[in-house]
Structures are given as structure tokens and as C-alpha cells.
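Protein chains in written order, with the numbering used here: chain W, 76 to 456; chain R, 3 to 388; chain X, 331 to 731.
Treat the hints as calculated values from the structure; they're not laboratory data. Idealized CB from N, CA, C, for every residue including glycine. Some clues are possibly wrong.
Unchecked claim - 20 Å max Cα-Cα, derived DMTMM-like pairs, lysine to aspartate or glutamate: (1) 486/X to 344/R; (2) 335/X to 297/W; (3) 28/R to 73/R; (4) 335/X to 121/W; (5) 333/X to 121/W; (6) 277/R to 117/W; (7) 251/R to 194/W; (8) 333/X to 120/W; (9) 277/R to 298/R; (10) 230/W to 385/W; (11) 97/R to 526/X; (12) 243/R to 108/W; (13) 69/R to 86/R; (14) 506/X to 298/R; (15) 95/R to 526/X; (16) 341/W to 440/X; (17) 84/R to 356/X; (18) 84/R to 73/R; (19) 243/R to 361/X; (20) 335/X to 296/W; (21) 483/X to 363/R; (22) 277/R to 108/W; (23) 243/R to 205/W; (24) 563/X to 361/X; (25) 333/X to 194/W; (26) 486/X to 363/R; (27) 243/R to 356/X; (28) 95/R to 523/X.
Stated by the list, open to error - Pair ranges (Cβ atoms, derived): (29) 269/R to 522/X: 34 to 40 Å; (30) 725/X to 347/W: 38 to 44 Å; (31) 245/R to 109/W: 39 to 45 Å.
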Amino acid sequence: MARRVAVCAVAQTEFVSNMWHKRFQQMCFETVESIVKQTGVDWNEETGIRNIVTCSDDVFDARTISDNGITDAVGAHFRGEEKTAQDGINAIAYAMACIMSGHDDVALVVGHTKESQAESRNMCVNLAFDPFYCRDLGLDFEKGAALQARAYALKSGISETQLAKAVVNARRNAAKNPLANARELVTVEQVMNSPMLCDPIRALHAYPVSDGAVAMLLAAEDKYKEYTDKPVWLTGWSNCMDSYFFGDRDLASNFSLKKAAAAACKMAGVSDAKGAFDVVEINDAYAYQLAMWAEGIGLCDENKGGEWIESGILETGKINPSGGMLAGNPIMIGGLARAAEAVIQLRGEAGERQVAGAKRAVAQGTTGPAGQHQAVMILEN
Amino acid sequence: MAKYFDVSVEDIFNTMEARFRVEGAKGVNAVLAYDISGDGGGKWLVEVRDDSVKVSKTDDLSGFSVKTAADAETFVGVNIGKIDGTQAFMSGKIKIEGDMALVAASAKMFTRYSLPKKSAVTVQGIFDTLLARFQPQNAAGLDIAVGYDITGDGGGQWTAVIKDGKCSLETGLRDNCAVVNIVKAKDYIDLILGKLDPMVAIGAGRLKLKGDMNIAMQLPKIFAKFEPPKEEDEQELIVIKRNISVDMKYSTGPVMGKFFEGLIEKKIFANKCPKCGRMQVPPREVCAECRCWAGDMIEVGPDGTITLIEIIYYSSPDPLTGETRETPYAQVHILLDGIGTEETFWHLLKNEDLADTQNGDRVRPVWNDKRVGSVHDIVHFKKIRD
Amino acid sequence: MKKHKKNRNVAIIGIGQTHHSSHREDVNQPEMIHEAVELALKDAGIGIEDVDALVHGNMELFEMVHQPDLWHVIGTGGYGKACYRVTTGGTTGATIVGVGDNIVASGLHDIVMIIGFEKQQEGHTTGGITNMADPLWARNLQTGALTGATAAKTIKEFGEDRAKRAAMRLRVTLDKHAALNPHAHRSFGLDYDQIDDLMANSPQLVGELRLIHMCSQSDGAVAIILACEEKAKKISKKPVWIRDHVTVHREETFNMFGINENQEVTHHNAARKLFGRNGITNPREYFDVFEMYDPSSWWGLDWLREFLQLEGDEHLKMVENDEVSINGSFPLNPSGGVISTNPIGATAALRVAEAALQVRGDAGAHQIPREVKHALASGFGGTFWTVLFMLEKDLDWQEAE
Chain W
76 MARRVAVCAV
86 AQTEFVSNMW
96 HKRFQQMCFE
106 TVESIVKQTG
116 VDWNEETGIR
126 NIVTCSDDVF
136 DARTISDNGI
146 TDAVGAHFRG
156 EEKTAQDGIN
166 AIAYAMACIM
176 SGHDDVALVV
186 GHTKESQAES
196 RNMCVNLAFD
206 PFYCRDLGLD
216 FEKGAALQAR
226 AYALKSGISE
236 TQLAKAVVNA
246 RRNAAKNPLA
256 NARELVTVEQ
266 VMNSPMLCDP
276 IRALHAYPVS
286 DGAVAMLLAA
296 EDKYKEYTDK
306 PVWLTGWSNC
316 MDSYFFGDRD
326 LASNFSLKKA
336 AAAACKMAGV
346 SDAKGAFDVV
356 EINDAYAYQL
366 AMWAEGIGLC
376 DENKGGEWIE
386 SGILETGKIN
396 PSGGMLAGNP
406 IMIGGLARAA
416 EAVIQLRGEA
426 GERQVAGAKR
436 AVAQGTTGPA
446 GQHQAVMILE
456 N
Chain R
3 MAKYFDVSVE
13 DIFNTMEARF
23 RVEGAKGVNA
33 VLAYDISGDG
43 GGKWLVEVRD
53 DSVKVSKTDD
63 LSGFSVKTAA
73 DAETFVGVNI
83 GKIDGTQAFM
93 SGKIKIEGDM
103 ALVAASAKMF
113 TRYSLPKKSA
123 VTVQGIFDTL
133 LARFQPQNAA
143 GLDIAVGYDI
153 TGDGGGQWTA
163 VIKDGKCSLE
173 TGLRDNCAVV
183 NIVKAKDYID
193 LILGKLDPMV
203 AIGAGRLKLK
213 GDMNIAMQLP
223 KIFAKFEPPK
233 EEDEQELIVI
243 KRNISVDMKY
253 STGPVMGKFF
263 EGLIEKKIFA
273 NKCPKCGRMQ
283 VPPREVCAEC
293 RCWAGDMIEV
303 GPDGTITLIE
313 IIYYSSPDPL
323 TGETRETPYA
333 QVHILLDGIG
343 TEETFWHLLK
353 NEDLADTQNG
363 DRVRPVWNDK
373 RVGSVHDIVH
383 FKKIRD
Chain X
331 MKKHKKNRNV
341 AIIGIGQTHH
351 SSHREDVNQP
361 EMIHEAVELA
371 LKDAGIGIED
381 VDALVHGNME
391 LFEMVHQPDL
401 WHVIGTGGYG
411 KACYRVTTGG
421 TTGATIVGVG
431 DNIVASGLHD
441 IVMIIGFEKQ
451 QEGHTTGGIT
461 NMADPLWARN
471 LQTGALTGAT
481 AAKTIKEFGE
491 DRAKRAAMRL
501 RVTLDKHAAL
511 NPHAHRSFGL
521 DYDQIDDLMA
531 NSPQLVGELR
541 LIHMCSQSDG
551 AVAIILACEE
561 KAKKISKKPV
571 WIRDHVTVHR
581 EETFNMFGIN
591 ENQEVTHHNA
601 ARKLFGRNGI
611 TNPREYFDVF
621 EMYDPSSWWG
631 LDWLREFLQL
641 EGDEHLKMVE
651 NDEVSINGSF
661 PLNPSGGVIS
671 TNPIGATAAL
681 RVAEAALQVR
691 GDAGAHQIPR
701 EVKHALASGF
711 GGTFWTVLFM
721 LEKDLDWQEA
731 E
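Let's have the full structure, built from the sequences with the hints guiding it.
Dropping the structure here:
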């Protein structure tokens with residue numbers, strides 16, 4: 076059996092819509108500095124950090140080899156560094172694998188994105204589509220989400236009110252999270268009357284343009300004590316890729332999320348996701364995704380995502396206590412931020428938004444249009 | 003004439019004027035010389051003057067802007083795409099003298115030579131399909147023989163016998179033909195393909211009809227139009243060209259920001275690591291070695307000493323502007339005064355100084371009159387000459 | 331630096347590489363990748379259904395596709411599977427083999443396929459590399475990965491004629507190797523009697539870095555299948571074991587290729603760590619072959635010294651005495667190396683793949699004419715980053731540990 080892996084610390088910048096006063100190098104460095112302060116970890120090659128797993132994107136950073144610009148800031152000078160170019164929750168998983176494999180005892184994870192740097196995030200992600208057909212159709216992740224939102228609404232019958240309640244919940248929780256971006260409270264009416272962005276997605280259904288960075292320190296079960304007395308164990312993990320062309324996919328089926336969730340639950344020994352988690356962090360970049368991804372993870376029955384939103388579960392504060400992606404994390408590190416909140420909750424350090432007695436959490440990350448690539452991580456204290 | 007891949011060197015040059023692309027030669031004023039050795043070779047001059055071209059075979063190649071020397075096979079092979087030009091050049095099979103950039107530019111000035119297409123349609127091919135093209139409903143009541151005397155290369159003699167709404171074909175001419183078409187093979191093919199008007203052909207005496215003209219006039223109804231077989235060309239693979247750009251706005255932050263502010267005031271700031279004292283210019287937020295914040299700013303230079311000159315002969319397009327610099331030019335790594343012993347500053351050297359500047363020489367920045375906080379606030383560094 | 335015990339052993343069980351060329355306009359990106367994937371599966375004798383996870387890597391700005399693994403899934407076979415995407419510049423190919431090594435060793439996945447590719451032709455490579463420079467400063471100055479600094483340094487140290495001659499001799503040797511490799515993008519048919527001519531007449535790019543010294547820009551893809559020990563032994567008759575790998579990056583420097591002679595080079599640092607923790611005291615003797623990421627002949631020459639921890643002019647002598655030729659005592663890049671074939675996102679993976687083929691004895695015409703038990707393969711990228719791999723024919727090294 077491979078060694079168990081613990082998260083020893085997390086650090087995040089505040090998430091804002093335009094961090095104009097800092098280069099992303101500085102954003103990364105501040106999170107790394109915080110990790111060092113929290114844990115006392117160093118870069119001793121025998122005992123400290125010798126491998127760093129980063130997460131960033133060449134197109135958003137407008138740099139070939141985006142990690143090249145941050146090697147100094149993340150402490151990678153004469154150390155190992157590997158960049159995951161998909162949602163940062165996969166960076167945690169890869170860092171975990173590095174420790175499980177025996178290759179490393181300690182691993183640092185650092186992810187960053189400055190969505191504000193580009194004139195339009197939609198122009199950046201338009202480039203994820205094939206240059207022959209879909210790109211010229213004008214597809215981007217927002218348009219993909221709109222197609223999926225409609226497909227999901229037709230299949231499940233989710234209502235405008237239910238969608239609005241997802242946003243209301245996000246803001247209510249974000250108001251208690253000092254690092255969240257969109258923290259102003261909104262009402263159901265405000266959401267329902269907000270202008271249409273990309274039918275059926277309204278302006279308040281979409282996550283705000285966001286900048287931020289997240290870091291995390293992982294250690295093997297025989298090493299974590301040097302860095303923390305509140306380890307959070309990574310007990311379940313999987314990710315899964317759906318097909319590419321929207322016409323090949325059943326957009327409302329949750330194909331890749333169901334597979335990823337099932338595998339993660341199996342690894343963690345969770346037989347039924349329903350009721351299994353004290354804290355749930357869903358990567359809801361758009362309001363419908365809170366309901367749809369909840370179904371995909373197995374938190375509620377098929378087509379019952381809308382009813383689940385109104386079931387009172389949101390009022391418990393267990394669902395996206397951070398405010399979720401809807402409260403504003405940038406693309407690439409949405410899932411990483413979800414896992415960060417799970418760790419904070421399981422360490423009992425969430426302050427006003429703390430879920431009492433949290434023992435087990437699930438965090439989700441998505442990459443690509445309409446949740447093409449899905450990742451699910453289970454964490455326990 | 004020696005041919006390589008079915009093409010002679012002459013073929014390439016003889017078609018060059020026809021292959022000239024005015025839009026690809028805008029602003030070009032050059033003489034391209036070609037010295038082609040081996041069987042079928044020779045010397046040619048190609049004069050390109052903006053929107054015109056003149057190709058001439060000559061013995062005197064003097065006065066060229068660029069000269070390309072190659073053996074005939076390599077030359078033809080590269081021109082028709084059978085031999086990789088770069089490969090031939092790198093292995094020494096093509097030698098280029100003079101302005102090498104013109105060779106690359108010439109690819110835009112001329113369309114590629116393509117082999118003349120051989121007609122896939124033959125007289126035999128036309129008669130092979132004759133019975134299938136027979137239209138019995140238009141031949142009711144006819145009992146005739148129609149003769150074809152197709153002369154010249156690829157020709158032959160045939161007789162179509164039409165009787166009882168049926169048609170049969172024989173080789174050779176029957177004596178009792180109602181009408182005989184007499185025509186050269188090439189003209190016959192053009193007639194059938196619709197490239198040659200029958201009345202024009204008759205008027206010019208290229209098509210002779212012996213016998214009953216009226217029957218001849220009915221033939222297009224009796225036999226349906228010949229459809230030439232589809233030419234089995236290689237599929238032309240489409241390549242989509244796009245220029246992709248997303249506007250960006252880059253924060254400079256407090257450390258880089260201070261550096262750019264300094265440039266506006268003609269000052270160069272480095273940052274200093276509070277732990278090891280190492281200085282960096284342009285400054286970076288962090289000392290990679292000590293892994294600590296390094297925000298102390300210290301003015302250095304602006305004069306310095308060159309530690310390395312890189313003379314660039316191959317210029318890549320500036321990814322920010324798409325413009326390509328003229329070559330050669332020099333990049334210099336400069337140890338600015340007060341910086342310590344390691345961290346060099348990277349910039350350009352004044353072109354006029356290229357010839358006599360060496361490692362160890364002293365240099366000084368030439369400031370742009372209009373400074374906005376960018377790399378261009380310094381035009382370049384120039385050698386200090388005392 | 332101490333070595334940790336691997337959770338379980340990992341072997342290379344399948345290798346597939348496409349035909350490489352400067353123009354693969356006959357296929358689009360997913361189609362090109364699919365060629366490599368099919369060949370790797372065939373080589374391993376398994377189906378895509380046997381593969382548990384994929385790792386994909388390349389450089390986005392070379393083709394201007396954001397996270398291309400999403401689109402490429404139609405060619406990779408990743409549908410319904412765990413998929414990772416990790417990229418680190420020129421080192422990408424080696425990094426993704428390292429990712430495969432780690433995720434198989436971790437126990438998360440039993441059989442993993444790594445896919446490296448690049449279609450250099452679809453973008454402007456030198457411009458793409460230049461885009462790695464900081465947009466605020468060096469992007470206006472940099473000329474891709476072209477630098478004459480190493481040539482200048484080598485000339486300064488060993489004299490002009492000897493240095494130039496050694497670099498060109500290495501160039502010709504590797505061209506001869508490339509001629510033996512049907513997958514190589516290019517070989518010019520160079521011979522040693524052309525050395526003087528090439529030294530004088532090959533066009534200069536930057537300083538004494540000449541066109542003939544510099545690597546190609548290629549289109550191509552490679553897929554490598556890795557398996558855990560249990561499955562590797564079942565599936566493969568000739569598994570090649572990944573003994574260890576190490577990654578060493580360094581800070582971004584604004585003067586990307588400026589010389590700082592006082593600092594250890596990452597290649598030296600990586601080799602020192604890898605050899606040290608695996609008890610390799612004489613790498614020149616231990617390794618039967620070295621597939622090095624050699625973007626230019628000047629670098630290839632200089633880096634022999636760094637990787638092999640040599641002193642003085644030993645590395646020049648190795649080239650001058652033809653020790654590095656395929657028939658020599660320390661064959662370097664029998665495949666022809668990066669100088670002949672360079673689809674950047676795949677290039678470093680090709681080094682590992684070619685080293686593994688040598689260990690298997692399956693390299694065909696460019697097979698080293700003696701048994702290969704221990705192989706070394708390197709990746710290079712970023713601002714002097716290194717990934718270094720050790721491959722083994724037998725699992726016997728573990729008895730010593």
C-alpha cells in the first residue's frame with residue numbers, strides 16, 4: 076500500500092476582479108510565504124520541499140511555458156517543478172501521487188490565474204476549440220455552459236427560482252468568507268431580473284472575472300507531523316474526460332463527473348455519496364452547475380438538483396461554504412480553491428462559516444467546456 | 003533536353019514570367035541569378051522590378067543581388083517540390099551567394115511550377131462509351147451507318163450502325179456510311195468536350211463531313227453528351243491560416259513598476275536581496291536563491307561593461323509587433339556599474355558600434371526622447387569612446 | 331541526496347512514434363497523435379480499453395490551442411478515462427514520462443499512456459519560444475532559443491579551431507546516426523571530410539552558432555505506455571524499468587542565456603543528484619547509451635561534460651576520439667538526437683523512448699551493436715531546466731539497495 080498523504084497547510088490570496096497592483100509572481104510568492112510561515116517548511120533537499128507542482132495556463136498568462144515566470148516565486152530554483160495545465164485540483168492529485176509513489180516526501184502545490192490580464196476570458200477559452208469548426212462558431216466556455224444549462228433544464232425541469240437560490244446561497248456564504256470576490260448579498264428577484272448574458276444564463280448566474288492564487292503543502296504520513304498537528308487526509312480521488320464535440324456528448328448526462336465521483340468514492344470507501352459528506356465544495360462557475368454537478372457527484376437523485384437546492388440543504392451552510400466558484404475564483408484554480416476550502420473546514424479554521432464537526436468533505440474541479448473534464452477529491456480529518 | 007521528374011530546367015525558367023505574382027513582389031527590386039550545372043543546365047537572370055519580371059538566358063551573371071547555384075536535378079526537384087529545399091541547402095547541394103533573404107522571398111514572387119496536365123480523354127475513351135450514350139428514343143426509324151475517320155496521333159476509324167432502335171460499333175469504315183466525320187484526333191476531343199464549336203470547325207475545314215449533313219446534325223441527339231472521367235487529382239489539403247491575438251494588460255507591480263518609473267527619469271533601478279545582497283536588473287520580486295522578498299531598490303549604472311556580445315544573423319519576428327529586425331544586429335549583456343559581479347543587463351548595441359566593440363568595452367545607454375516606462379525608453383547602448 | 335523506495339516498480343511496455351517531418355499537413359493534430367497512440371498500443375500488444383489513464387503535454391502557444399487535450403481526446407482515446415495534462419516547456423516530454431512514472435508507482439493507475447506532440451509548422455516556433463520571455467522586458471530582445479553564448483564560452487576555453495572542430499564533428503556524427511533512423515526528420519548525408527567546409531560556410535545564426543548546428547522544427551508525436559510491475563511482467567516480454575528520474579528547474583533570468591560561470595549548471599546538478607542517490611560513481615562506464623536533448627551541437631558538446639561530471643577537456647576528447655559514435659564506447663544519441671528531430675512537446679519523450687528501444691534491442695538500424703543494460707535520457711527546456719531518467723534492462727539494481 077502506498078503511503079497516505081496529508082494536506083498540512085493552505086494559503087490563498089484574496090480573490091478580486093482585478094489585481095492590477097500585483098504581478099502574478101507576487102501573488103504566488105505571497106501564498107508560498109504564508110505556507111512557510113504556517114509550517115516552517117524549508118527547501119532542504121533531504122528533508123524539505125524538493126518538488127513543486129504548479130498550475131497555470133500559457134494562454135491566460137500570455138507566456139509560452141507560463142511556469143517559467145514563477146520558478147523563483149514558488150521556490151523552484153534548483154528544485155523540481157512540474158506544471159499541470161488543467162484545473163489545479165489535478166495538481167493536488169499529482170502532488171499526492173508524487174508522495175504515494177515514494178518519489179517525494181513533501182510537495183508544494185501553487186496555482187494562479189489572472190483572468191483580468193486578458194481583454195476577454197472568453198477569447199482565451201475560445202482557443203480551446205478546434206481551429207476548423209467550433210472556434211469559428213464562436214464557442215467558448217460560457218456558450219458551452221449555456222447550451223448545457225438549457226439541456227439540463229429541459230431534462231431536469233430546474234426552475235428560474237431554483238437557479239436564483241443557488242446564487243443567493245453563494246453570496247450568503249461568501250459574505251462570511253473574507254477572501255471571496257463577490258460578497259454582496261443578492262435576492263432571488265435580483266438574480267431573476269439580472270440581464271441575460273447568454274440565454275438561459277443571466278449575468279448573476281455567472282462567476283465574476285477573478286484573479287487569485289492558492290498554495291497547499293502536502294506531506295507523507297510519516298512526515299506530516301513536522302508541519303502540522305491538524306492533518307487533512309486525501310482519501311479519494313479520480314478524474315475523467317468526456318468527448319470533445321458537443322454533438323458527441325449528452326450534455327445533460329454528467330458522464331465524466333459520474334465516473335470520476337464513483338471512482339473517488341470507491342477509493343475512499345464511500346458507498347453512497349448521499350449524506351456522506353459534511354462539507355461539499357462544488358465548482359459551480361454557473362448557477363445551474365450547483366444542481367447539475369450535485370447530481371453528478373451523487374449528492375441527490377437524478378433530475379432532482381433543483382429540488383435539492385430547495386430542500387433546505389443550502390441553509391445548513393455545508394454546501395459551498397466558501398461561496399463556491401460563483402463567488403469568484405479564476406478559471407484553472409476553481410477546483411483547487413474548492414479543495415482549499417475543504418481543508419480549512421476540516422481543520423476547523425473557517426471562522427464564521429465553519430461547519431461544526433466536519434469530518435469528511437468532497438471537492439470538485441472542472442476543466443474545459445461544459446464540464447468536459449471532471450475531477451473529484453475526498454478529504455478527511 | 004534532359005528531364006528530371008519529367009521536367010527540364012528550361013521548363014522552369016520558360017514558365018517563370020507566367021508564374022510571377024505581382025502581389026508577392028511589391029517593393030522588390032532585385033536581380034536573381036541562377037547557375038545550374040549538369041545536363042540541361044545553364045545560366046539565367048531573373049530581374050524583378052516591383053511589379054514586373056524579366057527572365058533571360060545569359061552567359062553573364064554579373065550584377066546579381068543573389069546567386070543560386072545547384073545541379074540541374076536538385077534545381078528541378080526543389081522547384082517542383084520533390085526535393086526539400088532547406089535540406090538541399092544545408093547539405094551543400096544548393097549554394098547561395100548574396101542576399102539570402104531574397105531566396106525565401108522568391109517563394110512569394112512566383113507560384114510553384116506545376117506539371118502540365120495530360121488530357122485524360124482519348125478518342126478510344128470516347129468510343130468506349132458511345133454505346134452507353136446511345137439514345138434509342140431519338141433514333142426511331144433510323145437505319146444508317148455513321149462513319150468516323152479520326153486522323154493523326156491517337157486516331158482510328160469506326161462505324162456506328164444504327165438499326166431498329168439499336169446501335170452497334172465496328173472498327174473500320176463501312177462503304178455505305180450515310181455520313182463520315184473526318185477530323186484530327188485532338189480536334190475531335192475538343193469537339194466532344196465542347197471546347198471547339200462544330201460550326202467553327204466546319205468553317206475552318208477542321209471538321210469535314212462526307213455524306214448527309216442532316217444526319218450529322220442529329221448526332222448530338224442520338225448520342226448523349228460525353229462526360230469526361232473525373233481526373234484523379236491528389237486531394238488538395240486545405241490549410242487554414244489565422245492570426246490569433248488577445249489583447250493583454252500586464253501589471254508591473256511595485257518592484258518592476260519602480261524600475262519602469264525610473265526609466266522615465268533616465269535612471270536604472272536594481273533590486274537587492276536583503277539576505278544575500280544579490281542584485282537583479284530588471285528587478286524581480288523574489289531572490290530565487292534565498293526565496294525571500296527582495297523589494298529594496300538601488301540605482302545602478304547607467305554606464306556599464308559588456309560581458310557578452312551576441313551578434314544575430316537570423317532575426318525572428320518580434321512577437322509583440324510582428325516586425326523583423328534588420329540583420330546583423332547585436333544584443334549585449336552589460337554589467338552595469340554598481341551591480342556586483344554577476345547579474346548582467348540585457349539590451350541592444352548601437353548598430354554603428356558593431357564592428358569594433360568587444361567584451362570588456364564600456365557602454366552607455368542612449369535614451370529615447372519620449373519615455374513611457376518600457377524597454378524602448380533605452381534605444382540601445384553605445385560604446386563610450388574617450 | 332537520499333533516494334526513497336519506490337512504492338512499486340514501473341516499466342515502459344509500449345512505444346509509438348509518428349513519422350516526423352517539417353510539414354505534417356497530411357494530418358491534423360488529433361490525427362497525428364492517433365498515429366502514435368495506435369503504434370504504441372500495437373507495440374505493447376494491448377487495446378485502448380486496457381489503458382487506465384492518459385498524460386498529455388505540449389506547448390499551447392506553439393499551435394495556439396488552449397488545453398488541447400480537450401480537443402485531442404478524439405485522437406488520444408482518453409474518452410471516459412482519467413486524463414492529466416502537464417507541461418514544462420522543452421522538458422515536457424520527459425516531465426510527462428515522470429508523471430506517468432509517479433502515478434503508476436503511486437498505485438493510482440496500473441497502465442498509463444503518455445502522449446507528447448507538437449505541430450511546429452502550425453505556429454511560429456522561434457516566436458513561440460520568444461513568448462516565454464517576460465512580456466515587460468526580454469520579449470523584445472530574445473531570439474527564441476538561439477544563442478551563441480556557449481560557442482563563445484567553448485572557444486574561449488579550448489581555442490577557436492579545436493572548439494569549432496569538435497562541435498562540427500559531433501554534428502556530423504549525429505547526422506550519421508540520424509541516417510540510420512527511419513523516424514528521424516532529417517539527415518543530410520554529412521561526412522567528416524565536410525567539417526572544414528561547414529565550419530567556414532554554414533550560415534551564421536548567432537555568433538558562432540550556425541544553421542547546421544541548430545535543431546530542426548518538426549511535426550510529430552510520441553506515445554509511451556507505462557505499467558506497474560505486475561502488469562508489465564504479464565504483458566511485456568521486454569519491459570524496460572524506470573529506475574529513477576529527477577527534475578531540476580531554475581529561476582527565470584531576464585538575460586536568458588547570459589553566462590554566469592559561477593553557478594552550477596542544472597544538468598550538472600541533476601546528474602549529481604540522480605547518480606548520487608543511485609550509487610553511480612562512474613556514469614561513463616555505467617551507462618551503455620545516452621539519449622541527450624541536444625538542441626544545438628555546441629550545447630550537446632558542452633553538456634556531455636555537465637551530465638557526465640567530466641573535468642577539463644574530456645568531453646572534447648570523447649567527440650574527437652569518436653567515443654560518442656554508435657560504435658564507440660559511449661554512444662550518444664544513436665537516434666540522431668534533437669538536432670535531427672524536434673517536435674518540441676514530444677522531443678524529450680522521444681529521448682526516453684529511444685533509450686528504451688536501445689535497452690530492448692529493438693532500435694533496428696540504429697541499434698547499438700552490443701548489449702544495452704543501462705540507459706540515460708535527458709530533457710531540456712525553460713531557462714535551463716533539466717529532467718534526467720535512468721532506465722534499466724533488469725530489476726537487479728534493487729538487490730543492492
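Consistency of the hints with the structure:
| no. | hint | verdict |
| --- | --- | --- |
| 1 | 486/X to 344/R | 18 Å, holds |
| 2 | 335/X to 297/W | 14 Å, holds |
| 3 | 28/R to 73/R | 30 Å, violated |
| 4 | 335/X to 121/W | 14 Å, holds |
| 5 | 333/X to 121/W | 9 Å, holds |
| 6 | 277/R to 117/W | 16 Å, holds |
| 7 | 251/R to 194/W | 7 Å, holds |
| 8 | 333/X to 120/W | 11 Å, holds |
| 9 | 277/R to 298/R | 11 Å, holds |
| 10 | 230/W to 385/W | 18 Å, holds |
| 11 | 97/R to 526/X | 16 Å, holds |
| 12 | 243/R to 108/W | 45 Å, violated |
| 13 | 69/R to 86/R | 19 Å, holds |
| 14 | 506/X to 298/R | 54 Å, violated |
| 15 | 95/R to 526/X | 16 Å, holds |
| 16 | 341/W to 440/X | 16 Å, holds |
| 17 | 84/R to 356/X | 16 Å, holds |
| 18 | 84/R to 73/R | 14 Å, holds |
| 19 | 243/R to 361/X | 19 Å, holds |
| 20 | 335/X to 296/W | 15 Å, holds |
| 21 | 483/X to 363/R | 18 Å, holds |
| 22 | 277/R to 108/W | 15 Å, holds |
| 23 | 243/R to 205/W | 13 Å, holds |
| 24 | 563/X to 361/X | 31 Å, violated |
| 25 | 333/X to 194/W | 47 Å, violated |
| 26 | 486/X to 363/R | 17 Å, holds |
| 27 | 243/R to 356/X | 16 Å, holds |
| 28 | 95/R to 523/X | 15 Å, holds |
| 29 | 269/R to 522/X: 34 to 40 Å | 55 Å, violated |
| 30 | 725/X to 347/W: 38 to 44 Å | 42 Å, holds |
| 31 | 245/R to 109/W: 39 to 45 Å | 41 Å, holds |
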